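This note's numbering runs 30 ahead of the 1-based position in the sequence shown.
If you are wondering where the hints come from, they were derived from the structure by calculation, not from laboratory data.
Because the structure is a prediction, the values reported are computed rather than measured.
Cβ atoms here follow ideal geometry from the backbone N, Cα and C, with glycine treated the same way.
Errors might be hidden in some of the hints.
Stated by the list, open to error - DSS-like mimics (lysine-lysine), calculated; alpha carbons at most 25 Å apart, straight line:
(1) Lys127 to Lys107
(2) Lys122 to Lys58
(3) Lys132 to Lys58
(4) Lys58 to Lys107
(5) Lys58 to Lys127
(6) Lys114 to Lys127
(7) Lys127 to Lys137
(8) Lys132 to Lys114
(9) Lys58 to Lys137
(10) Lys132 to Lys122
As the list claims (entries may be wrong) - Simulated DEER-style distance windows between Cβ atoms:
(11) Val96 to Gly69: 21 to 27 Å
(12) Asn121 to Asn79: 32 to 38 Å
(13) Lys137 to Pro84: 16 to 22 Å
(14) Cys45 to Phe115: 29 to 35 Å
(15) Val81 to Tyr123: 23 to 29 Å
(16) Phe117 to Cys45: 31 to 37 Å
(17) Pro85 to Tyr123: 16 to 22 Å
(18) Arg118 to His52: 27 to 33 Å
(19) Arg46 to Asp119: 20 to 26 Å
(20) Ala103 to Lys137: 15 to 21 Å
(21) Lys122 to Arg46: 32 to 38 Å
(22) Arg38 to Gly93: 19 to 25 Å
(23) Ile56 to Ala103: 18 to 24 Å
(24) Phe117 to Asn79: 28 to 34 Å
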Amino acid sequence: MDKSVGLRGYCCFNCRNIVADHNDMINKEFLGRHEKGSGRAFLFSHAINVVEEPPYYMQMISGPHVVSDILCAECGKNLGWKYKFSFRDVNKYKEGKIVMVKYNIIKV
Numbered sequence: 031m032d033k034s035v036g037l038r039g040y041c042c043f044n045c046r047n048i049v050a051d052h053n054d055m056i057n058k059e060f061l062g063r064h065e066k067g068s069g070r071a072f073l074f075s076h077a078i079n080v081v082e083e084p085p086y087y088m089q090m091i092s093g094p095h096v097v098s099d100i101l102c103a104e105c106g107k108n109l110g111w112k113y114k115f116s117f118r119d120v121n122k123y124k125e126g127k128i129v130m131v132k133y134n135i136i137k138v
């Protein structure tokens with residue numbers, strides 16, 4: 031089945047490449063960083079048309095994590111990050127999930 035038909039989702043703010051399906055959104059209450067500071071972000075179970083950068087350690091408000099930046103596959107804009115590993119059990123549910131900063135995406 032073609033997922034693009036009738037897709038409700040999100041696209042890259044920069045080039046309008048579709049990067050996430052609305053049905054894959056888990057949480058709207060995340061905080062994310064972007065080039066102008068920080069702001070609202072969304073947690074997704076999956077992303078499409080993105081490139082995953084090499085993982086690195088990051089200390090976040092919720093604790094230490096290993097993350098990979100997620101870039102738009104079309105234009106290379108940094109959209110957010112993917113949680114690779116959490117050092118705290120309370121954050122294990124984030125592993126494998128993607129955070130996209132609202133400032134970097136547009137609802138379609």
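Now the hints, each set against the structure:
With a CA separation close to 19 Å, the supplied pair Lys127 and Lys107 stays within the 25 Å bound. Under the criterion of a C-alpha separation no larger than 25 Å, the hint pairing Lys122 with Lys58 is consistent with the structure, at around 18 Å. Proximity of Lys132 to Lys58 is assessed by CA-CA distance (about 9 Å); at most 25 Å being required, the pair is judged to hold. At roughly 21 Å between alpha-carbon atoms, Lys58 and Lys107 fall within 25 Å of each other, so this suggested pair holds.
Of the pairs offered as hints, the one joining Lys58 and Lys127 holds, with about 13 Å between alpha carbons and a cut-off of 25 Å not exceeded. Simply put, Lys114 and Lys127 have alpha-carbon atoms about 8 Å apart, close enough for the 25 Å limit, and the pair holds. A hinted pair counts as satisfied when its Cα atoms are at most 25 Å apart, and Lys127 with Lys137 qualifies at roughly 19 Å. This hinted pair checks out: Lys132 and Lys114 have alpha carbons roughly 21 Å apart, not beyond 25 Å.
Straight-line distance between C-alpha atoms of Lys58 and Lys137 comes to about 13 Å, which keeps the hinted pair within the 25 Å bound. A C-alpha spacing of about 23 Å is found between Lys132 and Lys122, which places the hinted pair at or below 25 Å, so the restraint holds. A hinted range of 21 to 27 Å for the beta carbons of Val96 and Gly69 is consistent with their spacing of about 23 Å. Checking the proposed 32 to 38 Å range against Asn121 and Asn79 shows it is violated: the Cβ atoms sit about 27 Å from each other.
For Lys137 paired with Pro84, a C-beta distance near 30 Å fails the hint of 16 to 22 Å. Between Cys45 and Phe115 the CB atoms are about 30 Å apart, so this pair conforms to the stated range of 29 to 35 Å. Judged by the Cβ atoms, the range 23 to 29 Å given for Val81 and Tyr123 holds: they are separated by roughly 24 Å. For Phe117 and Cys45, the hinted distance range of 31 to 37 Å is satisfied, since their beta carbons lie about 35 Å from each other.
Under the hint 16 to 22 Å, the C-beta atoms of Pro85 and Tyr123, about 18 Å apart, fit the expected range. Evaluation of the 27 to 33 Å hint for Arg118 and His52 yields a pass: the beta carbon distance comes to about 29 Å. The hinted window of 20 to 26 Å between Arg46 and Asp119 is violated, with their beta carbons roughly 39 Å apart. Remark: the range hint 15 to 21 Å for Ala103 to Lys137 is upheld by a beta-carbon distance near 19 Å.
With their beta carbons about 34 Å apart, Lys122 and Arg46 fall inside the hinted range of 32 to 38 Å. Restraint check, Arg38 to Gly93: a C-beta distance of roughly 33 Å breaks the suggested window 19 to 25 Å. A C-beta distance of roughly 22 Å is found between Ile56 and Ala103, which places it inside the suggested range of 18 to 24 Å. Taking 28 to 34 Å as the suggested C-beta distance range, the pair Phe117 and Asn79 conforms, at roughly 30 Å.
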